[in-house]
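Fit chain B to the supplied structure of chain A, relying on the hints for placement.
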Amino acid sequence: MINLQNIKKTYVMGENVVHALNDVSVSINKDEFVSIVGPSGSGKSTLMNIIGCLDIADEGVYEIEGQNIMEYTENQLSTLRNEKIGFIFQQFNLLMKLTAYENVELPLIYQGLPASKRKVQVINALEKVNLVDRMHHRPNELSGGQQQRVAIARALATKPSLILADEPTGNLDSHTGHEIMELLRDLHRQGNAIILITHDNDVAKQAERRIHIIDGKIDSDSGREGALV
Amino acid sequence: MKFNQALKMALSALRANLGRSFLTMLGIIIGVFAVTVLISIVGSATNEMTDSIEGMGADLVTSIWMSPKKTYVTVDDLDELLEKDSIKDVAATTGGSNSTIKAGTEVVDVSVTGVTSNYALMQEQVLERGRFLSDLDIELNTSKAVIDYDTAIDLFKTDYCVGSTISINGEEFEIVGVLEKPSNNMGGMNDTVVNIPITTAQRMYKNTELSNIIVQATSAETVDAAAQELKIYSKRVIKDSDYFMVYSNREFLDILDEITGIMSAVLGGIASISLLVGGIGIMNIMLVSVTERTREIGIRKAIGAKKMDILVQFVIEAVVLCIAGGLLGLLLGYAGIAIASQLMDMAVSMSLSTIMLALGFSVAVGLVFGIYPANKASNLRPIEALRYE
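Those sequence lines, one after another, are chains A and B. Just so you know, this note's numbering puts 327 at position 166 of the first sequence, and the rest follows in order with no gaps. Just so you know, this note's numbering puts 132 at position 68 of the second sequence, and the rest follows in order with no gaps.
Only chain A is shown next, with the shape it has when bound in the complex (with noise of 0.2 Å):
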């Protein structure tokens, strides 16, 4: 479904030139489960904001779903983004003068559905996180894995292809922590392909398929038989 050939990322810090990533391929079917592992610095996050498309690689090719993105403008990306990528950040990133449901709708309005229509989709994802009594909360009236599951609700909102999760458990006790990891499992076993970003390997084993990426090249890559769920 995605596929990453010899992408290339470099920053400029100061005088420093950071290669951040350094000739990285891989790809990703689409009903994988997929842990991307490795250390603060290590170009994890760079490759999951180039995945995620809010960023662009130097050099390289990158697909989805056999489309090549690396000429997309802003605003292309940014459709792209709406339909077929699902986020769900360590900082949850819900808006807080918004209610769950509301948080749930945005991406929604974003594509400009009716009202009805983001309705049901709201409610579905909704159901599927187990939030429906809470909806009219909002995120400082929810506990941390409470707003974790709002976010993943307005990921699933719009039925995207990928569910990108960045440390989806970072800033939570370990209890709640793995209710969340439960939960993309059960979504991954109804068919959602999902990659995570993590730096916690206990974490990284719950996904059927490891790529550990050091000093931005990928160290080793499990394949789809490391499957230890």
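Any given hint might turn out to be false.
[Claimed, not checked] Listed next, the in silico BS3-like pairs over lysine-lysine satisfying Cα-Cα at most 30 Å (straight line):
#1 K258(A) / K320(A)
#2 K66(B) / K258(A)
#3 K148(B) / K371(B)
#4 K320(A) / K366(A)
#5 K299(B) / K133(B)
#6 K166(B) / K148(B)
#7 K371(B) / K258(A)
#8 K133(B) / K270(B)
#9 K270(B) / K166(B)
#10 K191(A) / K289(A)
#11 K133(B) / K152(B)
#12 K258(A) / K72(B)
#13 K371(B) / K280(A)
#14 K289(A) / K72(B)
#15 K280(A) / K320(A)
#16 K191(A) / K278(A)
#17 K320(A) / K66(B)
#18 K148(B) / K295(B)
#19 K278(A) / K66(B)
#20 K72(B) / K440(B)
#21 K72(B) / K280(A)
#22 K299(B) / K152(B)
#23 K152(B) / K295(B)
#24 K320(A) / K191(A)
#25 K278(A) / K258(A)
#26 K371(B) / K169(A)
#27 K303(B) / K134(B)
#28 K258(A) / K440(B)
#29 K371(B) / K278(A)
#30 K366(A) / K378(A)
#31 K371(B) / K320(A)
#32 K366(A) / K169(A)
#33 K303(B) / K289(A)
#34 K166(B) / K221(B)
#35 K278(A) / K72(B)
#36 K280(A) / K258(A)
#37 K169(A) / K440(B)
#38 K320(A) / K72(B)
#39 K66(B) / K280(A)
#40 K320(A) / K278(A)
To be clear, the hints were calculated from the coordinates, so they are not data collected in a lab.
Using the frame of chain A, we list chain B on its own:
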């Protein structure tokens, strides 16, 4: 994204910061208040003056004679002007003479004018009670007087004084008419009027010279021609054009229009500056707001907001702020105008065009000063915006 969704987002963002939104609007509120009140007051004053001048007859042309030498022109000599095609009627007055008027124990000092019998109708004077001076009064140089309402009240405490006697410089006169009570809103244009037959005035003040020659044009189109005839006649009589001036009420109206137009522009301009300052205030706060909400913008972009979506959202916020400020300013303006009406003893009203102007200006200010911050917001790159703490 649909417009109503953008509007909803903008409104909820403004609601979330109600106190700040109000402070941001304050510049616009004060600006609109100042613009509407000033323009309304000038406009209403202009209308009043125009009305009262038009009430004095737009088809009249007056020549004021100030000749140092005697002209020896009599009222009968003026019949010559009646032969002109453009002139329908001619009236004349003597120069006003400051005189002491007594009625019982009341004494007032006023200017007394001798007039021809057609003067009152030409000036469109209206009686409260009694009658005007007649041809017979002029012919027989009777001691009759027509006085204005306020003078009647000053002398007699009532306007029911027709038939009463007053003394003008020691000579007894009978009051035959009292002019109508002036409406409150004459804008300070009321003059004291004590009119006596022109013949009587000439005898009493021992001065046969005419001071004001007033001609009535046959129609609005012939006013200029009538003015020309009067000018030629005056020139012939007085020779030196420094010693007479001819003006038509319409000319006067034009000058008045010009003056008030300039006044409106100057006052409106000054008030507009406050609107401009208000707009800059809005831009400032919007810029702060964009910085504060960098993360929100990042989140919105990450989940699919396009540049235009963000731009529209922030521009609408600025415009909504300005419109709300404009409406509050109008409301305040209404209150200000009500107070001004009371203080200035004048009916001040806000015209629809003033309201439209104020609101139009508010929207324009919102658009102009909202674009820059909104553009800044829409150009934020999502990864940087997301990283912003």
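Status of the hints after comparison with the structure:
no., hint, verdict
1, K258(A) / K320(A), "holds, 24 Å"
2, K66(B) / K258(A), "holds, 20 Å"
3, K148(B) / K371(B), "violated, 77 Å"
4, K320(A) / K366(A), "holds, 26 Å"
5, K299(B) / K133(B), "holds, 14 Å"
6, K166(B) / K148(B), "violated, 43 Å"
7, K371(B) / K258(A), "holds, 21 Å"
8, K133(B) / K270(B), "holds, 15 Å"
9, K270(B) / K166(B), "holds, 21 Å"
10, K191(A) / K289(A), "holds, 20 Å"
11, K133(B) / K152(B), "holds, 29 Å"
12, K258(A) / K72(B), "holds, 13 Å"
13, K371(B) / K280(A), "holds, 25 Å"
14, K289(A) / K72(B), "holds, 28 Å"
15, K280(A) / K320(A), "holds, 14 Å"
16, K191(A) / K278(A), "holds, 26 Å"
17, K320(A) / K66(B), "holds, 21 Å"
18, K148(B) / K295(B), "holds, 13 Å"
19, K278(A) / K66(B), "holds, 15 Å"
20, K72(B) / K440(B), "holds, 21 Å"
21, K72(B) / K280(A), "holds, 17 Å"
22, K299(B) / K152(B), "holds, 20 Å"
23, K152(B) / K295(B), "holds, 16 Å"
24, K320(A) / K191(A), "holds, 13 Å"
25, K278(A) / K258(A), "holds, 23 Å"
26, K371(B) / K169(A), "holds, 26 Å"
27, K303(B) / K134(B), "holds, 12 Å"
28, K258(A) / K440(B), "holds, 22 Å"
29, K371(B) / K278(A), "holds, 24 Å"
30, K366(A) / K378(A), "holds, 20 Å"
31, K371(B) / K320(A), "holds, 23 Å"
32, K366(A) / K169(A), "holds, 27 Å"
33, K303(B) / K289(A), "violated, 105 Å"
34, K166(B) / K221(B), "holds, 13 Å"
35, K278(A) / K72(B), "holds, 18 Å"
36, K280(A) / K258(A), "holds, 19 Å"
37, K169(A) / K440(B), "holds, 29 Å"
38, K320(A) / K72(B), "holds, 25 Å"
39, K66(B) / K280(A), "holds, 16 Å"
40, K320(A) / K278(A), "holds, 13 Å"
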